[in-house]
Amino acid sequence: MLFALVRLSLACACAATFCVFPARGEQLSFAQVERGRYLAAAGDCEACHTAPGGKPFAGGRAIPTPFGTIYSANITPDRTTGIGAWSDDQFYRALHQGISADGSYLYPAFPYPWYTKVTREDADALEAFLSSLDPVANSPPPNQLAWPLNERVVMKGWNELFFHEGTFKPDDQKSPEWNRGAYLVEGLGHCGACHTPTNVLGASEKQSALRGGKLQDWYAPNLTADVRSGLGNWSVDDIVAFLKTGRNSRTVAYGPMSEVVTFSTSKLKDDDLKAIATYLKDVPSGAGEHKDDQTQPDSKVLTVGKALYVDNCSGCHQAEGQGVPAMFPRLQGDSAVQDRDPTTIARLILNGAHAATTDARPTQVSMPAFKWKLSDQQIADLATYIRNAWGNSAPPVSAPKVGDVRHSTAPDSAQERGETR
Amino acid sequence: MATKLPAVDALLVGFGWTGALMGQELTDAGLNVLALERGGWRDTTTDFATTFIQDELRYYYRHELFQEPARETLTFRNSANETALPMRQLGSFLPGTGVGGAGIHWNGQNWRFLPSDFVARSHNSDRYGAAAIPQDMTIQDWGITYDDLEPYYDKWEYLCGISGKAGNIRGQIQPGGNPFEGPRDRDYPNPPMAMTYGPTLFAEAARDIGLKPFPAPSANMSRAYTNPLGVQLGPCTYCGFCEKFGCGNYSKASPQTTILPVLLRKKNFTLKTECEVVKINLDSDGKRAVSVTYVDTQGEEYEQPADLIVLSAFVLHNVHLLLLSGIGTPYDPNTGAGTLGKNYAYQIVSSVDVFYDDKILNPFIGAGALGTVVDEFNGDNFDHTNLGFVGGGYIACWNTNGRPIETHLVPDGTPKWGSKWKKAVVQNYLRSMSISTHGAVMSHRGNHLDLDPTYRDFLGRPLMRMTFDYTDNEHKMSDFLTGKAEEIARAMKPREIRSNPRKGHYDITPYQTTHNTGGAIMGSNPGESVINRYLQHWDVSNLFVMGSSAFPQNPGYNPTGTVAALALWSAHAIRTQYLKSPGPLVQA
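Sequences listed follow chains G and B, in order.
The opening position of the first sequence corresponds to residue 1 in this note's numbering, with each subsequent residue numbered one higher.
The opening position of the second sequence corresponds to residue 1001 in this note's numbering, with each subsequent residue numbered one higher.
Calculated from the structure, these hints are not laboratory results.
Do not take every clue at face value.
Result set (DSS-like, lysine-lysine): computed pairs, CA atoms no more than 27 Å apart in a straight line [claimed, not checked]: (1) B:Lys1266 - G:Lys267; (2) B:Lys1267 - G:Lys269; (3) B:Lys1359 - B:Lys1420.
One chain only, chain B, in its complex shape (with noise of 0.2 Å):
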């Protein structure tokens, strides 16, 4: 029998960005708001010192900041004909845990997304007619603009002491950035990191074949920062250890970095860690979450009350409690009709190596988002008449680290391991370097997420499902991006090119991205997506859903900066609209 505690003004279930921003957000409005993280504590101070945080054994292939599978995990397949297996070692994605959650371990590149991506399936349809979009590609448009989102990115970009240089400033294109993204008030609060050699020639190469690479936006920071809340971030080191590592200077944007000094605070926040929500309640006639039970450590099960609940955790974590609550109706696959777990997708990457014998590289000079780019090929920002798909991606040179067990370049030829494969290290580790293309996923009828018939977790939950698979569209689109990767790799002049298309069924084994979308996606109405365009629940008007969940289809960007600026924009909704008059703030 669950204890039942007393009642919170709001409840956020997650620790990670969006939990910090909405914390931060509904304090500030006066409200007693409990954050329960099922993970640790983590602070730069006692987790990330820079005494020991650079240890890639530990960290990346020992997975210390990450999710255990052996305590939650989900089951797989590509297609509905097969049967779904537990995935019972991280892969393909990295989902973090504990106070900060993916917020730590990112490489810190944020991004807006386009106008143009935000009305993804009526600006393709206008643009090359219905037809253009396949049956089956189930994109839609998300109920909200670009320009409803401007003014919560820049928030959240000076928060995070974003380093970048602008491309457009209120429609006046600026040179230098990028000149494809959506007009923005102002530039970022910080100049560009310093770039390095390999991003440097890449920018030089793509110059020369006629595109407009720019210094890519960063949440590391390019020098010392304090942000409009008083909180301090330091200047990089450009160590090179950012993605699935804390970082111990202070450098990287994370909700340590950035919020909890002073959410910690103050007396209306309460944090209660190692705390896991299991279910989301709701009122006898189901529109209304009165509570959520959680379990401690010890497996004690409580009760927490609230009139405000907030689902902040992960996209597949969100999804999961929605299902395991009973909350909205399953996706059917089939007949198409219910919208939980409908239009799950991930992104589609790959890559080309470039080889010098002339230029040393000093890759180990690195940071999670130093690099150039390039946007010519992302979205809808090129004709897509007779390419045979919709979407695209960014290609860019990132110097994200040397470090030496992930890293380590070696030609086409090069064998596996052995004496040959240690000369091909030597001779081509300060001499490498990878150009990587980051493209979008649509959409699609068959990829969703369910619960699984079978496997069961360590509480005896269902395992949550998925069903994914890299349609035609993602593979024409990557060929495409990989294609015109290889031709800046040319320009290079390197010695030789080694080319790394995405061929095939999706792997979830090797590591990609953690990228995932959808699932509890956002809309403007009850019958193709499960929240509002405020992130709010069709059916339970008290329940908000933060995080990319709520993306309809993914767009060839980095997702953590529409997610932050999504749970603002929420926050701003709930603030001025919602804690006046409590109830739907669209009407179905």
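Chain G extracted, bound-state conformation (with noise of 0.2 Å):
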């Protein structure tokens, strides 16, 4: 750390030379700079804001949305492509309002419609982290958005309709922990950015809050209380074990929550992990709460799907879906399988999936892709079956919806058949 407050004053002594105002004072806080840092990988900045091989905080990253592409900002502190010119004001107000430092709407990929719950205090903490990088020049690609989302003035708008700006209150009815859960899946943690559904303008649906959405072809999962495709039956201690370490003895984390845990709540205090749950065990399930009541599947889709499980599935996941602690997730009773959605489960097992490495649990767990081995009809099938095997339930999956999935998510499938050379 000493070392990079040396490069950053020294950084700092160069910029003085070419331009009368130092963008900051040189004292930063080391108190501050680490503050700072945690509360990045809180709010999982460094996520978004890398593209792949890129440098940390450089930004670049594409962002997809259903209204087009958007590139993650460069938020190291250069002065021309980074924002290394940004005063303190400015920096807040991004977070805050969701407005750049030239005075432009910025599109809500960048999760202000969350952080504008984040205290001064912290933010300041959070700027100081980010000018202690050392500058990167970066210039993000254009983003890619269609006529008339790529103008910004659009989201003037569009912040009228559903935007609620305002630093997160404390419930005074509420423990401390409870408060402080709350600030962060609310406020720096945007949990609900990806598990709250959007309405067709991409807006959360604040009164559905936490009950699952979609993204990027994946659903993120019920976070309520809901018992069947929600937390209802995960411990504070599960639900502190997976955030740490990627791991409980029910999941692992995949796909975009495996580069959540990674980045940010693997990087989390105990305290605040525990907080987090406190707060998630105490979100109700509301009026969506998974019903049994679907039509049962047909007993012949459920022979078919039996057998591709006991070939192809059984090895990791164990014969009664009981799978490996920490390592192959258990079927029996996990809230993705039997989510009324079945895309996930659908591109789970088209694509396969790596489960997050932590230094607790640093086995690179993967389940393999099985599209080249399996049809739409027997990936249909096999579904059906584990949503509905060992006590699961949950509607069919019709081999038209694994078709649009398999469709949507189609990598280079050379790799997954060990088509190495």
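With the hints in hand, could you dock these two chains into one complex?
Dropping the structure here:
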């Protein structure tokens, strides 16, 4: 760290020779920077603001949205391509109101609808940390959005409709732990950005907070108390272990959540993870609670699905779907498996997935892809079986649905067959 | 002209089991470590997925995970009066290549050697008289004892999650384990594998004739396991695709499933793949290794300096590289002078097939180290008086696989092809099993490794030449073991048995085992060994040579457990002695 501060003062000295006003005070408080580093982890800033293979925080990562591709900004202190020329107030305004230094409106791919809850004090610490980084000259590519969304001013109207500005206000009726959890979940953690359903204009439906959402052809699971598709059966310890290590006795983090664990939650203190878990365990499942009222799937489908399961899945997930703790997810009782939306289970079988790796759980555990081995119908039958075996219950999956997911998530499959030469 | 690179603290040549172990130990000691691996990157996720790994044609018969002889091979002859010829396809042994080395495609049969194995010459002379050891049998003591290695065997077994049953805990014989093993500090970390029918019948028959069968120690997991580094292994599925294959279920201990997830996260560790080390460079007085020269896939040459160099390639490559680098004095079988290339040894194996009419054995439910074993006839566990040989081996019923191309036992007299052969396969596939004997090979004056005078590799370097044959000692010993295996087979009351003794000269073409040993042997003085008891080169003290090339002769067990324990023992000496005061750890 001392190193970084020395480098920073050199950088400031150089900058000072070229411009009259240094960007900020040249004395950065160690405590402030370290606090900011922690908050940047809590906000998962690095994941989105780093391009694959690029320098951390230098931006340029493509963020696919239903409206087009947005490229993340360079948030290193480079004065021309990054945020080195921003004032403290401008930085806070971006977080709090979603307005850039030049006064233009930011798109909510930058989660200011959540970051608005962040206190000024925390925002300043975040900024101190970011300004301690090495400046990186990198201009992200222009966003690829269709008119009229490519006009940033459109977001003014969007904000008026959907954006609720305001710093987090603790609930006096709840414990300090609950409030800390709420602050992290609803603020920097921006969990709802993925886990809350969105309307056609991409705004989160506040009344359905954390009841699960769709993004990038993944279904981000329900985090409410729903016992089938939510966290109803998870203990506080289950949640803490999952966020800390990427694994627990039930499942592992994969897909976009794998990245969240790697860059963010695995770096949080146990107290904060426990606070997050305490808050999540108190989120009601609401009217959308999973009901076991579906028609029973065709028994022939279940017979075929079971045979496919035994041949292809039971080696890891075990004969009764019990899995191997912290390694191969338990399918029996799993929330992603039983979600009404089968997108996640379909794409997992099609494309496989990598589990998050952390210092606590360093093994790179992966599920292989089956798209080259199994047809849409076979995957549909298999998924239907898994969703209705061992006490599970969820609507059947159709072959056309699997076909849709196959099409929308098609990477190169040569590597999946092990064709490395 | 080689591009000279910045120096590193420690350099590993080859990145299989010993490379991974040394990498983990030396980075823990705070060194900046670079590993150079001639082959490519391999991992469970990308290379061994369950969706495609169980492919006999691709992996065994087309050798996807093995060294390619077109790139690197050796020449072979049975004796000095023959002209050696290049091995143009793999047969008798299957060296690996790529990250993980042969640690990827081993069966997982994991053993400790017997206490008497480490003192083979003195023990046999003491018990049977010096005359019991033939004049040309060049066996030696190792310079270490079983007790020296015990803590490192233990560390290795817990790292790998070995499944098994202890036979001797601190001198207390444990029922159900191997009563002949050396005393161990504690039991294995995992219970034995669930036993299938064939090995169960073998154990019952062995017990009936007064032997003490036990479940084999296995690096296939009998249950999910998290090792002391926090790396996880999954429970074995008994799919029967271990040897010659990678494991897609994370169920077989390999560098990938035990060490690499932790090692590759370290900032002071770097791995470069597809970089083949072609020479170790010494300083002007030949006492210190200063760098290695390696080539990448484009043929570009680099010089990589390092303070400490560890040869952690396969036995044959370690010896070849020492020969090519001119480090040490090549062994001369005529005079007995020199040590480099001396005491090359192998394994001698035989089998007895057992055929039932009334028992369905389901051989396809298998695992590489799933089996039961008797150890009464290994090492010096039995009286050799008047037997006319030294050494022994274990007798086991392994249920490694029922793979359709490789495994279809047929009785004596069955044609090798055609409808009668097919009928016999159908009749016997589910009803047959094999008992194998796994015998020691004592070192012999004529068996050695040197550089071939004629044949060269793709870089123009002389190939290594292997001169090897079984001697009377091996044949007598193997015939003795085969006879014992037949006794057990008959006690199993089958319809018939078929004995497959090892006859005649060593033949390099049919697959036997990849248990090549010797050539850079360890010992207690530089006159008779290449490396000292800490695997440190006698002449070049910053060079350490890992692997079974250190074995002065080859005992009757699979070598991996001892190779690993030696590496950990050496690493401990480097960490606690060498790094504090670099130089020879044993005065010559």
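Could you work out which earlier hints the structure fails to respect and list their numbers in ascending sequence?
Failing hints: none at all.
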